[in-house]
Every structure is written in C-alpha cells, then in structure tokens.
Amino acid sequence: MESIKDKVAIIGMGCTKFGERWDAGLDDLAIEAAYEAYEDAGISPEDVQACWYGTVTQPVVGIGCTHLAGPLKLHGIPMSRVENWCTTGHEALRNACFGVACGMYDLVLVLGVEKLRDTGFPGLGTGRGMSTVLEARRTAPGSFGMVATRYFHTYGLSPEEGKRTIGKIAVKNHYNGNLCPKAHFHNRVTLEQVTSAPIIAWPLGLFDCCGNSDGGAAAILVPASQARKYRDDPIYVKGLGAAHSALLPQNRPAFDWLHFEEVINSSRQAYGQAGIKNPREQIDIAEVHDCFTSTELLLYELLGFSPEGRAKEDIGSGFFELGGGLPVNSDGGLKCFGHPIGASGLRMTYEVYKQLQGKARSPERQIKDAKLGISQTFGGPPQAAAVAILGKEPGYP
Amino acid sequence: MAGIISYGAYIPLWRLARDTIAEAWGSGSIRGERSVANNDEDTITMASEAAIDCLAGLKREEIDGLYFASTTSPYKEKECSTLVAMAADLRPEIITADFANSLRAATEAFRAALDAVASGSASQVLVTASDCRIGYPRSNYEQTFGDAAAALLISNTDKPAVIVEGSYSLSNELYDVWRLDKDIYVQSWEDRFIIEHGYTENMEKAIAGLLQKKALSVQDINKAVIYAPTLRAQQKLARRLGFDVKVQLQDLLISSVGITGCAHALLMLVAALEEAKAGDKILVASYGSGCDAFLLSVTEEIEKGKDNRRGVKGYLDSKRPLPSYTKYLSYRGLLDPQPGEPFRLFPAATTSWRERNWAIRMHSSRCKNCGTVTFPIERICYNCRSKDNFEEVRLSDKKARVFTFTLDHLAGRSDDPTIPQIGAEFDYENTRAYLLMTDCDPSDVTVDMPVEMTFRRLYEGAGMYNYFWKCRPVR
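Sequences listed follow chains A and B, in order.
Just so you know, we're using my numbering here: the first sequence kicks off at 731 and counts up by one.
Just so you know, we're using my numbering here: the second sequence kicks off at 5 and counts up by one.
Bound-form chain A, shown alone (with noise of 0.2 Å):
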C-alpha cells in the first residue's frame, strides 16, 4: 500500500458560522463555506473540476447531489455525495485526495454541510439502523454514555470522580470556544456548572454533550507539486485514515467498551503513513471528537496521546489546554460548534489548516509553531472512526 504523505495539498479553506442558523438553508451553508474556500484559495468556481460532498441528515429518498449542484452552479462536473455517520466530513476529504493523488483531477472541492434545526428537535432524534426494533431508541448520547459508563467501571472512577474528569474537558473546550468567533456557544464555564448540570443520558449532562447546530466547512484541493503555485503556505496531506468495526460495540462479542478497532485502526494507518511515531510527542494540535466528553477521554487514550487509563492525570495537569503539551480542540471542538454530523470533520480540518497556516486569529488561541496537526471523528453506534493528519511543511516529519 502506497501512503498519501505530501501528495495532496490544501490552498483554501472555508467554513461557516456555526450555531442555530434559522435564516440559512443548506444551501445558504454550502454557498458560505465554497465561497470562502474559493477566496482563500484565489480561485473561481469554474476552476472546480469535481466536487465531493457530505451531508447525513437529509431524509428524503433520492437528493443525491441535485440540492447543492444548483445552488453552487456546478456546471457539468462530476460530484459525489458520500455518508458515513460522523465521520462523514473526513470521508468527502478522504476520498477528494484520492481523486487528486491519482491524477484524475488537479483542482477538487470538498464540502461538509448539515442542517439540523430544520427537524424540530434537538439532538438528532432517536432511533438508528435497519431493524424496525434493534435500535428503536437509540440515541447519541445513550451510545456515549454507556463508553462512559464502563470506562468509569472499569478504571474505578465513582460517577463522582468520572464526571469532574470528563467536566474538565467540557470546562477547557468551553474556555476555547470562546475565543473562536465561528462557534455556536462563547459562554465560559465551570466545573460545578458542569458536573451539576441536568442529566441528558446518564452519567452525561447537558455540558457533557455537543451542541445541535448547523454549519458547513469546504476545502480546496490541488496535487502537492502545484500547490505553491497557488498560494505561499499550503497545507499538506500526511496521512488519512478510515476504519470500521463490524458490529455495534452493544453486540460485540467479548467487547471491553475501551478498545474501539475502529479508532485505533483508522489512527494507525493515518499515523503509519504520516511517519508518526509518537503522537504525543509528534502532534502539535489535534482536533478530536468531542460529540460527547467522556468520547474525548476515550480517544485521548486510543489516539496515544495518553497511557491507557491515565487520560485523567494529563487532564488535571492541563496538558490539553491552550498552552500545554497537546493542545486539544484549541476552537472550542463540537462542544462550541456543535456537531452538525456532515461537517465537522471538514470544520474540525479547517481550524487545523488555519493553526499550521499561523492564522488563528486570536493570539491567545494561535498554537506556536505548530508543524503536523490531527482531525479526528468517531462517531455511529459508534462503530465508525476516520483521521486526517496535516503538516505544514513537506516531508516532515
């Protein structure tokens, strides 16, 4: 197997203002994102030669591509819509570079949107899969709450303790959310505000929870060798990973409830293209998947970043804080933006993209020399995960 490492570039970005945005439609959210990219990019959309697009929630049979091909004017291009629970974001990313890698295409868009506040209800509703019964009442924060639940079990953290451990990663998220104008939520918060917040699915409270929110996210990209000609600071494609587990963790036989495959695969091939060793040592910024905190404890582990079962010390010693050893969704992550499911992955890309460029807007937020940064989702029963890894510099490390 080949590795993507410095084949593809990214030369612009866009993304949305992320929140509950009652006076734009999906296609106001495509249209905001694309049109950002092309501008960073310095490109008009007639350079765009395919398009790769995800979205999850649009629930009617048969839209395919048809609802933002007009809206975007996409001319007789091909384009591709792909799905993929919440990694979906990073499947239109991955499968882009793939056009590009081979030649096929030299200039590609990738677009991430979704509309959630059009459905009536927060939250994505309840009830997922095939089965009329299996899933009937399924929920997302159900699915996490019970990773939550044997975590705590198994490492012996009393709900007590596990909550203040997972409160202080929705405490630290909220503190960087506040610093991204693009967040849905800016309200700082506290641990007790946190940890005695109302119940949304035992042991997660509402702060434990990512926001409903609506957003899009796009990106721009070229093949490696021409992405100067573009632009002075491209962005590189180091690694990309994608992995499935092949049941729900619920009827998984044998299954521990800490050692997602799926994680721990998609990472590896990410990090074995990339040339990555030691993510902890490596990984200047990472965005992971903080749909839930106790997701984000999880993936600290799986993704090595900490030992398994000590994410705990390296949250009380603010090694994931602005500031600290990994810095981890320095933009607030799904809790500020909230998880709108088909763009996050290209939004959590996006702020990436934005440190490594040193554009972070916000000098408190602007992670010094960043070189290789992560993005990361995980999402479904969960039974999906995917990673994209970024540097700034071609051939490191």
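Worth double-checking, as some hints may not be accurate.
[Claimed, not checked] Looking from chain A toward chain B, a few residues come up when the C-beta cut is under 7 Å (computed):
(1) A866
(2) T879
(3) A927
(4) I930
(5) A931
(6) W932
(7) Q980
(8) N981
[What the hints assert, rightly or not] Pairwise CB distance ranges, derived in the manner of DEER restraints:
(9) B:T354 <-> A:D963: 50 to 58 Å
(10) B:G337 <-> A:P911: 31 to 39 Å
(11) A:T884 <-> B:W357: 35 to 43 Å
(12) B:E464 <-> A:D848: 25 to 33 Å
(13) A:D848 <-> B:D452: 39 to 47 Å
(14) A:T849 <-> B:R383: 40 to 48 Å
(15) B:G337 <-> A:G1055: 39 to 47 Å
(16) B:L339 <-> A:K803: 50 to 58 Å
(17) B:G467 <-> A:F851: 21 to 29 Å
(18) A:S774 <-> B:R360: 54 to 62 Å
[Stated by the list, open to error] If you want a taste of the chain A side facing chain B, the calculated C-beta under 8 Å gives, among others:
(19) T856
(20) V863
(21) P871
(22) M876
(23) R880
(24) L977
(25) A984
(26) W987
(27) L988
(28) R998
(29) K1098
Hints were generated in silico from the structure; no laboratory data involved.
No residue lacks a Cβ here, since even glycine has one placed at the ideal position from N, Cα and C.
Position chain B relative to chain A; hints supplied.
Leaving out everything else, chain B in the frame of chain A:
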C-alpha cells in the same frame, strides 16, 4: 388420561393502591391494591410471560398446541396465539387458536385443550389466558379489575399432575357485562340484577350440578377455586353452596391483584395448585354468559418442577408501587403522554417476518466452527467469518447482567422519561445484546446488575404493534 402437567402465571410488577384511585376521585376505596400492566405490556406479552413460566424446565419442542384466551386482545383481526407461541419459541407445526369475547374464554380454551389431547389430535397443548380490562374512570370496576395472565399445560399422559375428573357447563344469554366492538370500558347492568340472576344463580347451578354428577358433597372438596366479580359475591355463593369460606375457598386475589378477566379462574387455580397436595380434590368454576365447572384431583406429580416456576406466589411478592393514578391512566392509554421523539422506522410486515427468529424468538447464532455467539443472528461469524454455518440458540430464558448502561432522558415519553439502555452480557458464552430495561427504578441500575429477558410491545406504527425483547431486574 387428559390432565394438567404444568402451570404458570404472570402478574405485572406495578401495583396501584386503591386508596390512590379513591383519592384522585374523592371517592371511597375498597382497600388493597391492583396490578397494572406497564405501558409496554399487553395481553400478548403477559400471555407470553405466563407461557414461558409454565414451560420452565420443560422441552418446548414437545408442545404441539397453544391457545390464547382474552377479552382484551390487542388485535381484532390477527391471531395472537401464533405470536405468543413464537415468543415462547414453540415449533411452527402446532395447532393454535384464539378464544375471545367471554370471561369464560380461558376455561373454554382449557376444555378445548382437554378434548384435543383426549382425542389424540395433539399430545401437549399450552393454554394461556391474559386480560387487561378497563373500568370506567371512578367506577367500581376501575378499582376491582387487575391485569394478569396464567397458563396451563394440558397433556394426555399416564402421570398428569392434575387429573380432570369431570366437568359441567351452562350457557346463559344475559347482558350483565359487555363491550361493543368500539368500547374501551366495560359496560354493565345494575349489580343487584346481574349478581343475583347472572352470577349466583348460574354458578350455584353449575357447581351443584357438577358435585351431583360426580356424587360428591361440598365436604369432599379441598379447595374451591371460584371466580367472582367481587369478594362479597364469591363468599355469598360459597356459603349458599355450603363451603367453609375460611378453609375451602381459594383466595380471590382481590386485595392483591384484582379481578383479571378471563385469566382469573386460571390464575386462582395456579395459586391453588402451588399449595396443593397429592390426593386433593379441587373444584374450579368460571363465569361469563354461563359457567364452566371442573372437578380436578391432584396426583403426586404435583411436586415436580415446582421450583422451576415463579407462579402466582413468585409474581405476587415481586412488586413495586405505581406512584400515581395519572400514571395508571397513562399506562392504560387513557391519558396521552407527550410521545417523545418519533420512531423513525415503522414496523413493516416484511422486516418483522424476516427478523422473526431473533426479534420474536430471541435466537442468537452460535458458530459451528468457532463457537462464537452473537445476537441478533449473524450469517457470517463475527470471529471466524464462517458463512451460514451456525445453529440458533434461544436467549430469552437465559440470565444476563448489565455490562454497561446509560440512563437516557431523550428516548422515553413523558410518563416514563428515563430509559435505561443496557449493554447486557448473558451468562451463556458471554453473549452480548443491546436491550432497553423495563420494570425498574432507573436509579437502581448498576454495572453487573443481574437481569432477565421479558417480551414487550415496543411501539405502534404503520397500524401495527411492534414487539421485541427487553431486560428487567430479576423478579
């Protein structure tokens, strides 16, 4: 000879104090409590529980018939016995029948089962009876009714636990209690008329007729299992017949369960059999547009399998108080709860049919190559990828424990807003299953908590009811 070889019962966990009903209405209470089926229970699920209780420790493949008796079947058109038989994991080559409309439906089914095994058209027939009748708000019936199910296994064998020595039936056309096809609530004529000229007159005739036919006197009867709409009616009848009310009369279960419709005579019989000794003579009489009376004699086989079954005794003691009258109204569908988030996938006849072996029979797949067990059934083994190389293993009668859980505040409806979602691990091959937990106080749920399986109605959609298994704390 035709007789009973096993028995089972089911009483819902929830009990409503009659004082709570009376307080809600500012009316009088008849004291005691009544059972209330949960919002995910109906007569099909309760009959399935009683059937499974009755079959504990027995070979289900030897059953060749299942009858379902109820006046409150969830379906007007669609057989229910077939669904109960499938939830009880009986084989498909069996006789089934639904007995309906009459408070005597259960004893009619009992008689039909006796006739079927006596004639040789079947060798073992499982009779289930289940009712969930609703009295008008503030009516006496609202207090006196209860929800429950019972089951009897009938066989033609040399060694039945209970021999049916004789019977006596009467048909009587009378409007005493009834429901039109569109009615929710039980209608009735004036008590003074229907108790005297309906219940008492006919029951007296049938019981006296049976004793005369068998040349027995009331003193020869060890237990009289006499159905009645009220305690007063039962005791008055028993006294008129000459029974010693304190010694011979089987408890009507009015103070603890309530009158459970057509299931009630069988429920009382199950309670009587739990205490019966070899040689006992038991009289059973049920009422509803006439009477069915049976004379039973108990053999030494009665001791067999006693520990396997939960029965009336087991389910009576296992209870939780239903905290409010409004919750009762909501559980019975008389008060609409705010529905919660919609179900996205409506039941489909096709998917229900394809999924029947795991969704209704609760079969898992056990790989014949490596032994890995998965639920639901997987055609390709999770562990070794052997294709279509598995045997089906029933999980519904296996114990499990909570491996992980969440208390989900989004998945419920307003009368039960918190839904425990469980990653369960079975005692069998560490098999896992994703199940909702019912009949519990969510705050009691812990990792490693022991649970058992229970067949429930999951939701209504596309004009059908959709059933699936849940777990509950071991009762």
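Here's how the hints hold up against the structure:
Interface restraint check for A866 of chain A: the shortest CB-CB distance to chain B comes to about 6 Å, inside 7 Å, so the restraint holds. The beta carbon of T879 of chain A is positioned within 7 Å of a beta carbon in chain B (closest approach about 5 Å), and the interface hint is therefore held. Look at A927 of chain A: its Cβ only gets to about 12 Å from chain B, farther than 7 Å, so that hint breaks. Because the beta carbon of I930 of chain A sits about 6 Å from the nearest beta carbon in chain B, less than 7 Å, this interface hint is met.
Hint status for A931 of chain A: holds, given a least beta-carbon distance of 5 Å to chain B, under 7 Å. For W932 of chain A, the shortest C-beta to C-beta distance to chain B is roughly 4 Å, which falls under 7 Å, so the interface hint holds. A distance limit of 7 Å between C-beta atoms decides the matter here; for Q980 of chain A the minimum to chain B is near 3 Å, and the interface restraint holds. Proximity of N981 of chain A to chain B holds as hinted, the smallest CB-CB distance being about 5 Å (cut-off 7 Å).
At roughly 56 Å, the beta-carbon separation of T354 of chain B and D963 of chain A lies within the given 50 to 58 Å, and the hint holds. Under the hint 31 to 39 Å, the C-beta atoms of G337 of chain B and P911 of chain A, about 50 Å apart, miss the expected range. A hinted range of 35 to 43 Å for the beta carbons of T884 of chain A and W357 of chain B is consistent with their spacing of about 40 Å. Look at E464 of chain B against D848 of chain A: about 26 Å separates their beta carbons, and that is inside 25 to 33 Å.
Checked against the given bound of 39 to 47 Å, the beta carbons of D848 of chain A and D452 of chain B, roughly 43 Å apart, stay inside it. Between T849 of chain A and R383 of chain B the beta carbons are some 35 Å apart, a value that contradicts the proposed interval 40 to 48 Å. Look at G337 of chain B against G1055 of chain A: about 58 Å separates their beta carbons, and that is not inside 39 to 47 Å. A C-beta distance of roughly 54 Å is found between L339 of chain B and K803 of chain A, which places it inside the suggested range of 50 to 58 Å.
Between G467 of chain B and F851 of chain A the C-beta distance comes to about 24 Å, which sits within the given range of 21 to 29 Å. Here the CB-CB span from S774 of chain A to R360 of chain B is close to 58 Å, well matched to the stated 54 to 62 Å. At its closest, the beta carbon of T856 of chain A sits 4 Å from a beta carbon of chain B; the interface hint therefore holds under the 8 Å criterion. Hint status for V863 of chain A relative to chain B: holds, with the closest Cβ pair at about 4 Å, below 8 Å.
The closest approach between the C-beta of P871 of chain A and any C-beta of chain B is roughly 6 Å, which is under the 8 Å cut-off, so the hint is satisfied. Proximity of M876 of chain A to chain B holds as hinted, the smallest CB-CB distance being about 5 Å (cut-off 8 Å). Among the interface hints, the one on R880 of chain A holds; its C-beta lies about 4 Å from the nearest C-beta in chain B, closer than the 8 Å criterion. For the restraint placing L977 of chain A at the interface with chain B, the shortest Cβ-Cβ distance is roughly 6 Å, inside the 8 Å limit, so the hint holds.
Checking A984 of chain A against chain B: minimum C-beta separation of about 6 Å stays under 8 Å; hint holds. Given the 8 Å rule on beta carbons, the hint for W987 of chain A holds: about 5 Å separates it from the nearest Cβ of chain B. For L988 of chain A, the shortest C-beta to C-beta distance to chain B is roughly 10 Å, which exceeds 8 Å, and the interface hint is violated. Because the smallest distance between the Cβ of R998 of chain A and any Cβ of chain B comes to about 21 Å, over 8 Å, the interface hint for this residue is violated.
Interface hint status for K1098 of chain A: violated, as the beta-carbon distance to the closest one in chain B is roughly 40 Å, over 8 Å.
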